[in-house]
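Enquirer: So you can see what is in the structure, the chains are spelled out below.
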Amino acid sequence: MLAFLTQRLLQIIPTVILVSMLIFGLQQLLPGDPALIMAGEERDPKVLAEIRQQYRLDRPIPVQYFYWVKGVLSGNLGESMRLKASVGSLVREKLPVTLQLAAMALLIAIGIGIPAGIVSAVKKETAWDYGANLFSLWGLSTPNFWLGILLIFLFSVTLGWLPASGYVKPGENWEASLATTIMPAFVLGNALAAVLMRHTRSAMLQAMGTDYVRTARAKGLAEGRVVLKHALRNAMTPVITLLALEFGTLLSGAVLTEQIFSIPGFGKLIVDSVFNRDYAVVQGVVLVTSTIYISLNLLADIAYMLVNPRLRG
Amino acid sequence: MTAATLVEQPSLHEENPWARAWRRLKRRKGAMAALAVVVILILVALLAPWIAPYDPTRTSFGLVRKAPSWAHWFGTDEVGRDVLSRVIFGARASLSAGLVSVGIAVGAGVPLGLLAGYAGGWIDAILSRLVDAMLAIPFLILAIALSAFLGPSLSNAMIAIGVTATPVFVRLTRGQTLAAKVEDYVEAARAVGNPHWRIALRHVLPNIVPPLLVQASLAIAGAIIAEAALSFLGLGQQPPAPSWGSMLNTAQRFIAQAPWMAFWPGFAIFFAVLSFNLLGDGLRDALDPRHK
Numbered sequence: 001m002l003a004f005l006t007q008r009l010l011q012i013i014p015t016v017i018l019v020s021m022l023i024f025g026l027q028q029l030l031p032g033d034p035a036l037i038m039a040g041e042e043r044d045p046k047v048l049a050e051i052r053q054q055y056r057l058d059r060p061i062p063v064q065y066f067y068w069v070k071g072v073l074s075g076n077l078g079e080s081m082r083l084k085a086s087v088g089s090l091v092r093e094k095l096p097v098t099l100q101l102a103a104m105a106l107l108i109a110i111g112i113g114i115p116a117g118i119v120s121a122v123k124k125e126t127a128w129d130y131g132a133n134l135f136s137l138w139g140l141s142t143p144n145f146w147l148g149i150l151l152i153f154l155f156s157v158t159l160g161w162l163p164a165s166g167y168v169k170p171g172e173n174w175e176a177s178l179a180t181t182i183m184p185a186f187v188l189g190n191a192l193a194a195v196l197m198r199h200t201r202s203a204m205l206q207a208m209g210t211d212y213v214r215t216a217r218a219k220g221l222a223e224g225r226v227v228l229k230h231a232l233r234n235a236m237t238p239v240i241t242l243l244a245l246e247f248g249t250l251l252s253g254a255v256l257t258e259q260i261f262s263i264p265g266f267g268k269l270i271v272d273s274v275f276n277r278d279y280a281v282v283q284g285v286v287l288v289t290s291t292i293y294i295s296l297n298l299l300a301d302i303a304y305m306l307v308n309p310r311l312r313g
Numbered sequence: 001m002t003a004a005t006l007v008e009q010p011s012l013h014e015e016n017p018w019a020r021a022w023r024r025l026k027r028r029k030g031a032m033a034a035l036a037v038v039v040i041l042i043l044v045a046l047l048a049p050w051i052a053p054y055d056p057t058r059t060s061f062g063l064v065r066k067a068p069s070w071a072h073w074f075g076t077d078e079v080g081r082d083v084l085s086r087v088i089f090g091a092r093a094s095l096s097a098g099l100v101s102v103g104i105a106v107g108a109g110v111p112l113g114l115l116a117g118y119a120g121g122w123i124d125a126i127l128s129r130l131v132d133a134m135l136a137i138p139f140l141i142l143a144i145a146l147s148a149f150l151g152p153s154l155s156n157a158m159i160a161i162g163v164t165a166t167p168v169f170v171r172l173t174r175g176q177t178l179a180a181k182v183e184d185y186v187e188a189a190r191a192v193g194n195p196h197w198r199i200a201l202r203h204v205l206p207n208i209v210p211p212l213l214v215q216a217s218l219a220i221a222g223a224i225i226a227e228a229a230l231s232f233l234g235l236g237q238q239p240p241a242p243s244w245g246s247m248l249n250t251a252q253r254f255i256a257q258a259p260w261m262a263f264w265p266g267f268a269i270f271f272a273v274l275s276f277n278l279l280g281d282g283l284r285d286a287l288d289p290r291h292k
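Protein sequence lines correspond, in order, to chains H and C.
The opening position of the first sequence corresponds to residue 1 in the numbering used here, with each subsequent residue numbered one higher.
The opening position of the second sequence corresponds to residue 1 in the numbering used here, with each subsequent residue numbered one higher.
Quick caveat, the hints were computed from the structure, so don't treat them as lab data.
Think of the CB as a built atom: it goes at the ideal place given N, C-alpha and C, for glycine as much as any other residue.
The reader is advised that the hints may include incorrect statements.
[To be verified] With a straight-line Cα cutoff of 27 angstroms, these simulated DSSO-like cross-link-like pairs (lysine-lysine) come out:
| id | chain 1 | residue 1 | chain 2 | residue 2 |
| --- | --- | --- | --- | --- |
| 1 | H | K229 | H | K123 |
| 2 | H | K219 | H | K229 |
| 3 | H | K124 | H | K229 |
| 4 | C | K29 | H | K124 |
| 5 | H | K46 | H | K84 |
| 6 | H | K84 | H | K219 |
| 7 | H | K84 | H | K70 |
| 8 | H | K123 | C | K181 |
| 9 | H | K124 | C | K66 |
[Said to hold, decoys possible] Chain H regions said to be covered by chain C (calculated; three or more residues, Cβ under 8 angstroms):
| id | segment |
| --- | --- |
| 10 | 190-197 |
| 11 | 269-281 |
[Stated by the list, open to error] Sample of chain H residues lacking proximity to chain C, with all beta carbon distances greater than 10 angstroms (derived):
| id | residue |
| --- | --- |
| 12 | K84 |
| 13 | K229 |
| 14 | G248 |
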């Protein structure tokens, strides 16, 4: 186990270094000169030179990369040129919003996807199975920005039940917070529910055909007990590891969802920063998202190792 | 077993694998329906100037946000343009984005994956770490950053999506190559003195095409959604040229007054993506029955 962990951690190091290079490279890719944006309309050459010196924009790229990595390692992600705030504070402010949305989306996806997958496998080749498969095709093929617009039309414009946009923190008013986040969370979780349904169905079908399930049935156990206690428990192993990986995907999906519902989270921050050429924020947000994604990958590997005794060696 | 089946068996073994896959695909009604829809969508995109009832960019201030009618089946938009004509022309942007960006991803990813898998050693190590790094940055975020760098336009969105989708093809091709290169037929090709490039291109590549084809079909579905997403954010097709994603972006502002503006372009994206997903599923079952 220790050898596996060491090996896995060692594999991550070059990946993280390359990710940091790619992310830093994004600064060079984004169009426009940030110093010109900061200098305002007058573009005084003296001010421009001062800005370039202050943000080390006049230094060679490898030197800029070195200072950036040095800053990141000491917890300094840089400063937003547009918002005049540290990227770290922006991340601390926006990340919980997106995490709340992603966690709600995950709950919705689990609540729909896993039961649908179980029913689909247990009632294979019946109307239930076809219905669940149709649902998964719908989930995988619906662009979440379209689904968001349709839900706004139904629940906000036509029925007037939910607000079309905005965000309220759960600590301020949990009911209002739920009302502002339930639609975006559903939109975000819709595709994941479909993915979960497909994986649960496939894992359940495999488990239902195994000897231990046949033995459980032969012992005369009730079908519900066979399905829930024997088959489901074993089928959930790959599904749980999949959840860890998909949580990272939700962070990416939040970009569009937050844009549609005007939610001031991570996704909206990155889109606004790209359009305003706010390099430091783009780098910071992408770095944090990628780090979360890599960590979740590692956690998924460890979880898989822990629940699967054959891999522990 | 009867004498007749014994006689028939050898001919089954001699069947061309592609003919067998086509026979299997034909049995799947969903996949065949999806294939028909894909063909229709391609025809609609190609014949757009002849089948669209109106010029998709012609504005008319007397026809602003008119509900669907006999004259305008899908209604009109905020400047009086015919929504049906824009949806028909929008198929061009979406399908070309799907095909071109996956073409870029396949064109770059397959040779790199073949190289990594076949050569192994430090080449494999470097390429694999690079792929890991690219895959660690969420797809849409990388595509947004690349599109912003290249500048907002449809062709740049295609390049951004293509580059972002490349690592998946590198990884898939590498894995398939690793499995194929230890097969007997590759050993045999090596034993008779074929050069490495010939073994890789003539012996390994043709045998790893089926999973690549399935992945390409599914990747087209992903690329269509990604193009629509970039256009929705203002980074893809630029107005007044029609694109399903940019139509949805505008429609969002008029959802209370003109919901038809949002319904049809979204439905078109859904239909196209669903067709490519179903086709990909069907191809997977036809080319690799173990994946059922």
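Enquirer: Each of the hints needs a verdict: does it hold here or not?
Expert: Hints and how they fare:
Pair hint K229(H) plus K123(H) holds up; C-alpha atoms about 17 angstroms apart against a cutoff of 27 angstroms. Simply put, K219(H) and K229(H) have alpha-carbon atoms about 14 angstroms apart, close enough for the 27 angstroms limit, and the pair holds. Straight-line distance between C-alpha atoms of K124(H) and K229(H) comes to about 19 angstroms, which keeps the hinted pair within the 27 angstroms bound. A threshold of 27 angstroms between alpha carbons decides the hint, and for K29(C) with K124(H) the separation of about 18 angstroms falls inside it, so the pair holds.
For the hint linking K46(H) to K84(H), the alpha-carbon distance of about 20 angstroms falls within 27 angstroms, and the restraint holds. Our distance criterion of 27 angstroms between C-alpha atoms is broken by K84(H) and K219(H), whose separation comes to about 69 angstroms. With a CA separation close to 21 angstroms, the supplied pair K84(H) and K70(H) stays within the 27 angstroms bound. Between the alpha carbons of K123(H) and K181(C) the distance comes to roughly 42 angstroms, so the proposed pair goes past 27 angstroms and is violated.
Under the criterion of a C-alpha separation no larger than 27 angstroms, the hint pairing K124(H) with K66(C) is inconsistent with the structure, at around 47 angstroms. Counting residues of the segment 190-197 of chain H whose CB lies closer than 8 angstroms to any CB of chain C gives 0, so the stated coverage by that chain is violated, three being the minimum. Here the segment 269-281 of chain H counts 4 residues with a CB under 8 angstroms from a CB of chain C, which clears the bar of 3, and the coverage holds. Here K84(H) stays apart from chain C, with its beta-carbon at least about 22 angstroms from theirs, past the 10 angstroms limit.
Remark: the non-interface label on K229(H) is consistent with the geometry, its nearest Cβ contact in chain C lying 27 angstroms away (cut-off 10 angstroms). G248(H), annotated as away from the interface, has a beta carbon of chain C within 10 angstroms; the closest lies near 7 angstroms.
Figure legend: structure checked against the earlier numbered hints; hints not met, in rising order: 6, 8, 9, 10 and 14.
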